[in-house]
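**Student:** Got chain A sorted already, so can you dock chain B onto it with the hints?
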Amino acid sequence: MTKKDEGIAFNLISRQKLGGLGPDEKLKFILKEVKNGKILVLEQGLTPVEQANLIEHTMKEIEQDTFIGVEMEGYSEDRPTFLQKLFGLTNRPRLTLIGPANLLKMIKKDNDMIQTKIIPGSGAK
Amino acid sequence: MGLLGKISLSSILQRIFGKKHAKIGIYGPPNVGKTTLANRILRDWTGDIMGSVSEIPHETRRAKWKKDVKVDNGNSSLTMDIVDTPGISTKVDFKDFMNTWGLSRDEAKRRAKEATEGVIESIKWLEGIDGVLLVMDSTQDPFTQVNVTILGNLEARNLPVLIAANKIDMDESSPATLKSAFPQHPVVPISALTGYNSDTLYSSMVKHFSKKRKKNRR
Numbered sequence: 001m002t003k004k005d006e007g008i009a010f011n012l013i014s015r016q017k018l019g020g021l022g023p024d025e026k027l028k029f030i031l032k033e034v035k036n037g038k039i040l041v042l043e044q045g046l047t048p049v050e051q052a053n054l055i056e057h058t059m060k061e062i063e064q065d066t067f068i069g070v071e072m073e074g075y076s077e078d079r080p081t082f083l084q085k086l087f088g089l090t091n092r093p094r095l096t097l098i099g100p101a102n103l104l105k106m107i108k109k110d111n112d113m114i115q116t117k118i119i120p121g122s123g124a125k
Numbered sequence: 001m002g003l004l005g006k007i008s009l010s011s012i013l014q015r016i017f018g019k020k021h022a023k024i025g026i027y028g029p030p031n032v033g034k035t036t037l038a039n040r041i042l043r044d045w046t047g048d049i050m051g052s053v054s055e056i057p058h059e060t061r062r063a064k065w066k067k068d069v070k071v072d073n074g075n076s077s078l079t080m081d082i083v084d085t086p087g088i089s090t091k092v093d094f095k096d097f098m099n100t101w102g103l104s105r106d107e108a109k110r111r112a113k114e115a116t117e118g119v120i121e122s123i124k125w126l127e128g129i130d131g132v133l134l135v136m137d138s139t140q141d142p143f144t145q146v147n148v149t150i151l152g153n154l155e156a157r158n159l160p161v162l163i164a165a166n167k168i169d170m171d172e173s174s175p176a177t178l179k180s181a182f183p184q185h186p187v188v189p190i191s192a193l194t195g196y197n198s199d200t201l202y203s204s205m206v207k208h209f210s211k212k213r214k215k216n217r218r
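Quick mapping for you: the protein sequence lines, in order, are chains A and B.
Each residue of the first sequence is one higher than the one before, counting from 1 in the working numbering.
Each residue of the second sequence is one higher than the one before, counting from 1 in the working numbering.
If we strip away everything but chain A, and leave its shape as in the complex, we get (with noise of 0.2 Å):
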């Protein structure tokens, strides 16, 4: 079936299933679905020092014509309360909105929404 029939695959993936995947798979795994035009939503977002590995994988993975990158959209982690802190316990990150640059656009981002665009018909394989 093309894209064409089947719209633009918008998956929501559990905290669960990204939870089983090792540091290396979890980033094969996002990025060999956005570069299939997949649109996903993350129940557990990444950690920033994982967000940054994206990107650094996400450059690495750039072909000029045909995948220019991702547009990732969340919000950071909640600051850990003093109990958190002194136990040494961090906060997990939060929902996290990742997708083909060329497919998504974010419209607008502030403490409250994150209000994003699908472009159809652009950037989906």
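Simulated from the structure, these hints should not be mistaken for lab results.
Treat the hints loosely; a few may be bogus.
Going by beta-carbon spacing under 7 Å, a handful of chain A positions derived as facing chain B [to be verified]:
1) P48
2) V49
3) A52
4) E56
5) I62
6) Q64
7) I68
8) L95
9) I107
10) K109
Derived CB-CB ranges, DEER-like [stated by the list, open to error]:
11) E25(A) / D44(B): 21 to 31 Å
12) K20(B) / K28(A): 40 to 50 Å
13) R94(A) / E114(B): 42 to 52 Å
14) Q64(A) / G128(B): 38 to 48 Å
15) G195(B) / T66(A): 19 to 29 Å
16) E25(A) / E127(B): 41 to 51 Å
17) T66(A) / Q184(B): 23 to 33 Å
18) L21(A) / W45(B): 42 to 52 Å
19) S77(B) / D65(A): 33 to 43 Å
20) I119(A) / K207(B): 41 to 51 Å
21) W45(B) / V41(A): 39 to 49 Å
22) G74(B) / K17(A): 40 to 50 Å
Values in this document were obtained by computation on a predicted structure and should not be read as measured data.
All residues carry an ideal CB built from backbone N, CA and C; glycine is no exception.
**Tutor:** Just chain B, lined up with the frame of chain A:
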């Protein structure tokens, strides 16, 4: 080994008197004025410049650095190795260079390829620095993923960060928006282009980057 055996004399002195030397990275998305700011700092303190600037994004595609830049705030000083890094971005589209900036196809593709390598280099530099001057464009939305990612990485590593809210010479600038977006970090409104408020920035750099921080690198 006892506690004292693990602590060197220099680290004790540093803890008491603060740092005297630090490697500071100038970070941010493309086109926020990182190299303009690096040039401003170097011109003011060494008489030199760091590199060329351009309206076309990704003008700086390789990290450049200048060693031993001594910045003085009147009461104390800090000697810094200043690293001007390529802009970090999650996407690079060569067509933008053609359609928006009129570059030829070959030139645009070459620039895009070098830009992707520059982003990788910038991220790798995060491992070796002592603090970051994060440059943001005060005329733009501050909540970009790049800003959030850079700040998150610095916080995870417990590295000091000073936000330079650049381009306040422009009418539409709003440094207050930056301050409210990132209240946990010091924000200094500046114009790297005109030099406005650069004295406050230098004073803040000496004060902020001299502090001894416990590193928590991941």
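**Student:** Each hint needs a verdict: does it hold in this structure or not?
**Tutor:** Now the hints, each set against the structure:
1. P48: holds, 3 Å
2. V49: For V49(A), the interface hint holds, since the closest Cβ of chain B sits about 5 Å away, which is under 7 Å.
3. A52: holds, 5 Å
4. E56: Holds. Min distance 5 Å.
5. I62: Interface hint status for I62(A): holds (5 Å vs cutoff 7 Å).
6. Q64: Holds, because the Cβ-Cβ distance from Q64(A) to chain B comes to roughly 5 Å (cut-off 7 Å).
7. I68: holds, 4 Å
8. L95: violated, 13 Å
9. I107: Violated, because the Cβ-Cβ distance from I107(A) to chain B comes to roughly 10 Å (cut-off 7 Å).
10. K109: holds, 4 Å
11. E25(A) / D44(B): 21 to 31 Å: Given about 48 Å between the Cβ atoms, the range is violated.
12. K20(B) / K28(A): 40 to 50 Å: holds, 44 Å
13. R94(A) / E114(B): 42 to 52 Å: About 34 Å separates the Cβ atoms of R94(A) and E114(B), which means 42 to 52 Å is violated.
14. Q64(A) / G128(B): 38 to 48 Å: At roughly 30 Å between Cβ atoms, G128(B) and Q64(A) fall outside 38 to 48 Å, so the hint is violated.
15. G195(B) / T66(A): 19 to 29 Å: Check failed, 44 Å falls outside 19 to 29 Å.
16. E25(A) / E127(B): 41 to 51 Å: The hint (41 to 51 Å, Cβ to Cβ) is violated, given that E25(A) and E127(B) are roughly 22 Å apart.
17. T66(A) / Q184(B): 23 to 33 Å: Violated, at about 40 Å.
18. L21(A) / W45(B): 42 to 52 Å: holds, 48 Å
19. S77(B) / D65(A): 33 to 43 Å: violated, 51 Å
20. I119(A) / K207(B): 41 to 51 Å: Holds - the Cβ-Cβ distance for I119(A) and K207(B), about 46 Å, lies within 41 to 51 Å.
21. W45(B) / V41(A): 39 to 49 Å: holds, 48 Å
22. G74(B) / K17(A): 40 to 50 Å: At 56 Å between Cβs, range violated.
Taken one by one, the earlier hints fail for this structure at numbers 8, 9, 11, 13, 14, 15, 16, 17, 19 and 22, listed in ascending order.
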